[in-house]
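Letter by letter, the chains look like this.
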Amino acid sequence: MELSGFLQNVLNGLAIGSVYAIFALGYTLVFSILGIINFAHGAVFTLGAYFTYTLISGQFSDNGLLKGLNLFPNGSPLSGSAWGFALSALIGSLLAGVVAVIIERLAFRPMRTRSADPLLALVSSLGVALVIVNLIQILVGAESYSFPDGIYGNLPPALLFHLGDKTIIIRTVQVIIFAVSMVLLLVLGWVIGRTRTGKALRAVAENPGTASLLGISVDRFVIITFFLSGLLGGLAGTLVGSSFGIAGPYFGVTFGLKGLAVIVLGGLGSIPGAVVGGLVIGLAEAFVPSQYSAYKEAVAFALLFIILLVRPQGLLGQAQIQKV
Amino acid sequence: MEFLQQYGFLIATMLQQGLLGLSLYAPLMAGQLSLASPGFYAVGGYIAAILLTNPAFAGWRDSLGYGIYPLTWLLAALACALLGLLVGVPALRLRGIYLALATIAFVEILRVLSLNLEITGGAVGIFAIPQPFGFVDRWQYLWLFLPLLILTLLFFRQLSKSRTGRAFRAIREDELAADAMGVSPTRYKVLAFVIGAVLAGIVGSMSAPFLNTWNAKQGTFDASIAYLAFVLIGGSRSMWGPLVGGALLSALPEVLRGLADWRLVINGLVLVVASLYLPQGIVGSLSRKPKPPTRPKPPTLNEGPSGPPYTSETT
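Going line by line, the protein sequences match chains A and B.
First residue of the first sequence? That's 1 in UniProt numbering, and the numbers climb one at a time after it.
First residue of the second sequence? That's 1 in UniProt numbering, and the numbers climb one at a time after it.
Next up, chain B with everything else stripped away, as it sits in the complex (with noise of 0.2 Å):
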């Protein structure tokens, strides 16, 4: 118990940020580098915060008492996957470099609307969010944040078992072959994207009370970036390198607290260090399985703007 009271916060940290990387890694198992995963955790967690807070819903707050946090987590995955239908249908028809800046641009402009609107709380966003079932400690989170993870890791294990999960792997590793070969590449992709969507979605409205407070800083470029960086570093070949990726990464500053002011500068070297000598990711490096075959590349560079996989699509 004392050590739950001493770690339990940084150990949800962790979980948390783990799931947050899952969530970037669903389009990925389809090979679409999607970078819009704070944006949905960003939206569900306003759906949360406003629900538990609005005056406006005080009525439903009373009739359903604890039932209203399961009815947050729905809306929010609700939400989320109608935007990320919205968002994805067009935006799935980029490819590499063109869709990763496509949604952080769809990042910023919720950004932006959250940061302005009336109904997020401007530029102070939420604050004072009620805990659900009467949670008092902050290391009870473990028990939303435990289940949740071993659910979407169940649901990975079956998914990619599964002949969706084939299919996506067969649009990663040759998209035109894939759909030469019947599989519909825009169908899988949106469905890929909007499992993420889904994912970050519900842990945002989850962790809009294990925060406390919402605001516009949940949802940013900086946040797309750590996710990419827990799925890179972890290895974004299997489900478990993103949750490592997240659990790790998340940890270091804490980890790093004594050196206060430095542990950033060293979070910084140690993306530069870790994606220069573990290429695979940690999990990648760890198993055994030999290395996916690479396409050929040119001696020293890239072929420039029209080499794989940073490739524009016009067809």
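The following block holds chain A by itself, in its conformation from the complex (with noise of 0.2 Å):
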């Protein structure tokens, strides 16, 4: 492969590789707390795109029990500028980050409550999934958006470099997902690794028994760390969205399926092994060649499947022996 081909795929792979890091640690910051994988998480995913789309003025279309609503229409603060679409995927994203705490309060605390099998609350957020996927549709309808155009400001609409005679193409949006994801996962990995707080959640995801036995409220860290997961989620959802419109209400469904195999295969409730999956899924995928294209989806899959065989325990993943 020449060289500006090669560029071009890495610098694509890591675009899409950052929104699934950032996806992927919603998944695992629940699972290394629970030891549960809230499957609901594709949904948080769907609706953080949908509650930006709402912000940034979009309009619905025939269908739904919204039709033709535009809550916030040209002329508001929250439209036609940067700063506005920016403000929205905030607010977004902190509603994706309620919803996850709704769910955590729905499915998984009256679980944990009785002590019950772990594969009931799967099932019980495979419901909650089932529940906000189809109230999306009904609201809204089953077509896909776009977002308006021009939502990232005056911005040129692509960086370009040379190099020999070819030109590498970066879209504006590639950039600043890239940007956004890596900024986010630093300050998550400040908060988890330096603050008080995240000290508290990684001893409740050491041993919640002992957790609260040193004063530590558990209950108050697991709903803190669904919020984290859901904005993450919801802001992952708006970041897709932007690049490439959103594709329904089962717009997140797919991603949530990828999403399990990034943290797999970085290793479950690893934060850098959720960053370092989801890059090398986006790597692995851009360079899939354009005649194999239709096979792209399976490769995130396949990947998954091998490390399974190899090392079930994930890139950096810490081994587990067996109890007795």
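Source of the hints: derived by calculation from the structure; they are not laboratory data.
All C-beta atoms, glycine included, are put in the ideal place defined by N, C-alpha and C.
Hints may contain errors.
What the hints assert, rightly or not - Pair by pair, the computed Cβ-Cβ distance ranges are: (1) Val124/B to Tyr292/A: 36 to 46 Å; (2) Ala302/A to Leu10/B: 32 to 42 Å; (3) Leu65/A to Ser184/B: 50 to 60 Å; (4) Ser184/B to Ile102/A: 38 to 48 Å; (5) Leu7/A to Met181/B: 50 to 60 Å; (6) Leu117/B to Leu283/A: 20 to 30 Å; (7) Leu90/A to Leu78/B: 49 to 59 Å; (8) Glu2/B to Asp62/A: 37 to 47 Å; (9) Gly258/B to Leu214/A: 47 to 57 Å.
Unchecked claim - Below, a sample of chain A positions facing chain B; criterion: calculated Cβ distance under 8 Å: (10) Gly127; (11) Leu135; (12) Leu139; (13) Leu257; (14) Leu308.
Dock chain one against chain two, each of which comes alone in its own frame, and use the hints as you go.
Structure below.
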């Protein structure tokens, strides 16, 4: 492969991989605290994209109960500028975080208080996902929505640079997605690694029983975890939506499955693992030759299958010894 | 007769879904949570659909007559047994959630393949699949699904009484102890997995003509989840559980038909409420047997990544 093509693929892969990473972090945070995979995470991703779309003054089409609705018509402070979009994305993601907390309250906490089989929590979170996805369908219909042009303000449409006689094109969106993801990951890494809250979170993840004996309110930190998880999922939805458009209520289903591949690849419950896993899968997908692009969707799952067979604990996960 | 005309299709669907629930129950007998059933179901269906419609097999169809249908069941069973071995031997080194995720990956890879291969008809799939034995009404599939169900239930009953069934239960309750007693976990886990694969494959090969069309939508993650819900809502500790769960949950959208758009929302709510209030499943709650002993758990939370049954294996 020529150098320019190689570089192009690397840059494309890093951009999409960084979104996989922040999405998968939401899964991994919940898993590290509760030991359970929240299957409603994909639905939260979809919701985040729709929240932002609504705030940015997106108009709904002719299907669903919200037909023709435009909550913030043009001229509202949240439409038409890059800052407006940034603010909408922030509020949209916060709302997604709130939804994740509600999901915890409805689908996970009752299970914990009964110390039920973790599998039941899985089914219950799937039930919640089913409810959310179908409620979206009832409200806004099944069609795809595109974020309006110009949400990224007056930035040039693409960054170009030349390498020999080839031109490498990076979409502005990709740069923004990558930058936002990296900043977010650094902030999150700092919060978890350095702050008091992060220490408490890690203590709860290590051993909830001991943590509660040490005066840490486990319930409170579970809520914080779910809020962070929803925030990350919602933001990932907004970023992907702003790049490709929202592909209907089932937008997050495939993404949710890919997120699972990402966290297992990196190591279940490992935060750096989620980042590495996301970037690896993003890069692997970018390098699928165009004549096989139909098989791109299978790349993440093929990698997942292989890694499970070769190194079940994932790239950065720690081996665990079976307890007797 | 009028009753069958009206409800026969629904009843046949309920039996078919119950059978698929049972295909997920088979590996669970040995304590293995596998979500691979839709993959095998899809493979079985594709084998039948291709044999019954592809011009390449026209000669076989002419010479075999209706005999082609039993042949599709047999081939589907063989292919799924082989595929089950191929996937099962490496995958069953994994435990709990890791096995579940590996099987999800298996189903997704099959889905993408069937969506893009030529022989599976790509995204459109295969349609106009001829009906077996001169069937004109869908309810007549009861003559296929009912005997298969009875055979399956008899098989599972005999199995659970046999040495093999006791080995399954031993592994389910405590794999390490079973291993220490000389029960080879790998062998029995793969066997249970293959039984489920074969059952799902046969149901698939009967369902392709039943649905008249076969495409990549038949084997998806959604289906994995639906079958898992059958087993957990019905009850995972008796063979009647997946059957009852499958029949009830597949009838639910039909019963709620009057609510049109809202039925899937209600379906989701049923899953949430049932997993909260019927932790043993419907059948488990009805039976008077004492609760199976549960492992002691910490007061509020599971132990995180290392706690049962989400335990990764490295030996």
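Hint-by-hint comparison with the structure:
{"no.": "1", "hint": "Val124/B to Tyr292/A: 36 to 46 Å", "in the structure": "violated, 20 Å"}
{"no.": "2", "hint": "Ala302/A to Leu10/B: 32 to 42 Å", "in the structure": "holds, 39 Å"}
{"no.": "3", "hint": "Leu65/A to Ser184/B: 50 to 60 Å", "in the structure": "holds, 58 Å"}
{"no.": "4", "hint": "Ser184/B to Ile102/A: 38 to 48 Å", "in the structure": "holds, 47 Å"}
{"no.": "5", "hint": "Leu7/A to Met181/B: 50 to 60 Å", "in the structure": "holds, 59 Å"}
{"no.": "6", "hint": "Leu117/B to Leu283/A: 20 to 30 Å", "in the structure": "holds, 26 Å"}
{"no.": "7", "hint": "Leu90/A to Leu78/B: 49 to 59 Å", "in the structure": "holds, 57 Å"}
{"no.": "8", "hint": "Glu2/B to Asp62/A: 37 to 47 Å", "in the structure": "holds, 41 Å"}
{"no.": "9", "hint": "Gly258/B to Leu214/A: 47 to 57 Å", "in the structure": "holds, 54 Å"}
{"no.": "10", "hint": "Gly127", "in the structure": "holds, 3 Å"}
{"no.": "11", "hint": "Leu135", "in the structure": "holds, 6 Å"}
{"no.": "12", "hint": "Leu139", "in the structure": "violated, 10 Å"}
{"no.": "13", "hint": "Leu257", "in the structure": "holds, 6 Å"}
{"no.": "14", "hint": "Leu308", "in the structure": "holds, 5 Å"}
When each numbered hint is compared with the structure, violations occur for hints 1 and 12.
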